[in-house]
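The residues making up each chain are set out below.
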Amino acid sequence: MNFMFWVIAVITLGSALMMVLDKNIFHSALYMIVTFLGVAGIYVLLQADFLAAVQVLVYGGAIAVFIVFGIMLIQRGNMKQTNLFSKSAALAGLVSLGLIVINVVMVLKTEWPISGAAPPEDTVNQIAELMFTKMVIPFEVAAILLLVALLGAVIIAKEVKKTS
Amino acid sequence: MIGLEHFLIFSGTLFCIGLFGALAKRNVIAILMGLEIMLNSVNINLVAFSRYVTTGDLTGHVFAIFVVAVAAAEVAVGLALIVSIYRSRMSVNAEDFDWLKW
Amino acid sequence: MIEFALNNAWLIPLLPALAFVLIGLVFKPLPKVSAFVGIVSILTSFVLAVSVGIGVISKGGELVEHPLKQVVTWFSMNGLTIEVGVQIDPTSAMMLFVVTLVSALVNIYSLGYMRGDPGFARFYAYLALFAASMLTLVISPNLLQMFVAWELVGLCSYLLIGFWFFKYSAREAAKKAFITTRTGDFGLLLGILLLQVNFGTLDLMTLAERIPNFTEYGLTAGVLTLIASILFLGPIGKSGQFPLHVWLPDAMEGPTPVSALIHAATMVVAGVYLTGRTLILFQTVPGAMAFVAVMGAFTALFAATIAFTQTEMKKILAYSTVSQLGYMMLALGAGSLSASMFHLMTHAFFKALMFLGAGSVLHAMSNEADIWKYGGLKKKMPITYWTFLIGCLAISGIFPFAGFFSKDLILEVVWAQSSLSGHAHGPFQGLYSLLFIVGALTAMMTAFYMFRMFFLTFHGEPRDKSFHPHESPFPMAMPLVVLGFLSVVGGWVGWPTLHEGFSYFVRFGEYEQGHWNFLLVGISTVLALVGIGGAAYIYLLNKVSHEALAKRFALLYKLSFNKFYIDEIYLWIIHNIIDGLGRVLWWFDVTIVDGIIDGFGKSAQYMGSLLRRVQTGKLQDYALVLFAGVIILVLILGLTDTNTAHLSLLGGVR
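Protein sequences, first through last, are from chains G, V and U.
In our numbering, each residue carries its 1-based index in the first sequence increased by 259.
In our numbering, each residue carries its 1-based index in the second sequence increased by 517.
In our numbering, each residue carries its 1-based index in the third sequence increased by 37.
Hint data in this document are derived by calculation from the structure and do not stem from the laboratory.
Note that the coordinates shown come from a computational prediction; the quantities given were computed from them, not determined experimentally.
The reader is advised that the hints may include incorrect statements.
[Unchecked claim] Part of the chain G face toward chain V, derived, beta carbon under 8 Å: (1) Gly319; (2) Ile330; (3) Leu367; (4) Pro397.
Even for Gly, the Cβ is constructed at its ideal location relative to N, Cα and C.
This is chain G alone, in the form it adopts within the complex (with noise of 0.2 Å):
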């Protein structure tokens, strides 16, 4: 698992990196999908099945190409050069490193109450148990959230017609 756990690491982190260093907003596109499959493995390794297999039909079916069609809907002409950086890049740069050495001190400066206890064979038995008694209300409001989300897309990406 160790090994397993590097190469995927090492994947996703790349691919991530690649993506916001990337000037074609397409080739960040796909980048962006290679994360997602990484963030998949990554949690197969924590023993969460049913959630790396959402995370790949979602994220990746959806998500990514919801991005995409967004991509071609606003992009006209050369893909080169259409995802530049900003005048304060550096700045956010260093801003980001910052904050990955403050996250990794205290990471490891941190006692962390690991319970040695073997994991759940079966997750999605679980997560369905758990869904429909003690968390319905967030499925509920999600599901609400859903369609309020979809309404208000369609709502606020309507042409606006022209009075003449």
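Fit chains V and U to the supplied structure of chain G, relying on the hints for placement.
Structure of chains V and U alone, referenced to chain G:
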């Protein structure tokens, strides 16, 4: 041995990369992409804690599923907004949207 | 009556003050009533002053040591008490007499001289104000009241010199007078302050006790000399000593009664009076007294040399006044209050007489002032002629006229201080010898230029036939006669062998019985006759041409005629140095001071324009700042002591 710290450091780094993408890019779609990476890293964090700290309790997983749902809704609305702005301003450069000052 | 006058001497200045208020507020549209009010008030004051004089004499020498003093405290605070009141002793009684007399005569004279002038009532109001101020000055018991009155007389002088304010020259002369005397007053005020600070009082009698013990008050002789010299700057300005004499000749722009009253008899002697009142200060430090004497003698000589060549009657008289004031200062510098005050009194008589006579001549010659246009007025104006002759003889010091006794006394006291007398003491003997010679020389010059003026004006043939002079009307002639009479008999109160004469009452220190010094009498009379003879030779008998003389001594003539270019030097100093300094300071103010203040504003603007760039309006930048803040917070919390005080600085801790 891969322990909790490895996953935490990994997710933290992924978060910061996503943050960099959100702060440093001009194209608003790239900003959205950075946002998605950040949400993903948070998910990893939740699941890692659920796996190592509260091992029998899968609340972390459920939380992560909700986060995914919300992220999806957010991308939808976000792209609708981008399309709308593109229609009125003919630009998707974040540096052109500077009306938060006087 | 006499007791009433002695106890209520404060009425003497009050009556003219009331007249000023009444004329100013009520009677201004009515000229004749204004004149009446003015004359009545000053005559009443004169009667009271005569009563005071009689009362003082009848009390014998008592009031010399213990003056009659009535004061009320105006206000007092810790370390400072301001009193106002009255101090009657022979000196002030004499001054009261002189001031009220000359003032009354001038008021009467103005009836004739100023008739028809549109500012007639205003003139009487100013005269009344002046009389009130001068009288306040002479009865002041302390230096502060004297200073207030000093400034008031300066104001009256300004108002009266510039009386005909529509004339540019009059306005400028008034300003010049005020500013020049103000320059001296700066020193006077400084001296008064120093006296108050060091001795704790400004009361004249208390100062007379404290000043001789000046070492008890932490002063050295050098510092006290400095204080005395600074204080003397006021009299230099007011009494027209060199170098602040420049205003007096220009003050002749005012009407002639003003010149007679203020610039001959009364205001200009205020400086002499002040120095006389504070003589204890000068006597304590002989260096200061020598300074006073030198200033006096030099001024006397200096003014006499200028008067030699002047062509306007009033200007000659003005320089003569400056010269005689120099004599009075010389007498004070020799330590004699009696000689100085005696000459003050006699000078008031004959100088006022001559000024009023000059006014008479001007009135007759339609205000033509050049004496080269006069001539032969003897036949046309007999009263003026004879009284003027008395005045000239008095000023030249011919026995038995008034000026003889007073000038002789001055020369005597200087002689006594000098090494020539053989029984003087003190370190300045040689200096006083020199001053004696200067004084004697000036006496001769005085006689010369006065009679030059006299002969040119009254004798010979009329040089300009276009004028038709006539004698003056009664209001103008009467004061001439009165003053002429006084110029004859006024000196007899100072007859040297008289017991309890003038020197007995008006004195400073112990009484010394006077005696005839025939050597000095001889010297002064001979010199005076030489002067008169010289003037007669040149101007009456025309044996020597004055033009030829002027050519022979061309340089001296030019210097004398142009007043030694002092006015030009002053103007140059003012234009270049003072204005230059002003320009420098202006530059400093505008560039540096304003620069600093503007700099504050500009730097705030600059900071603002820098800080403005933080507000880019872009959401990404705001988010960046947010996360940068997170890093900073984490660093602070992580690396420092996290006690409550520090955390409360960051906020959010209860």
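Cross-check of the supplied hints:
{"no.": "1", "hint": "Gly319", "verdict": "violated, 11 Å"}
{"no.": "2", "hint": "Ile330", "verdict": "holds, 6 Å"}
{"no.": "3", "hint": "Leu367", "verdict": "holds, 6 Å"}
{"no.": "4", "hint": "Pro397", "verdict": "holds, 6 Å"}
Violated hints amount to a single one, hint 1; each of the other numbered hints is respected by the structure.
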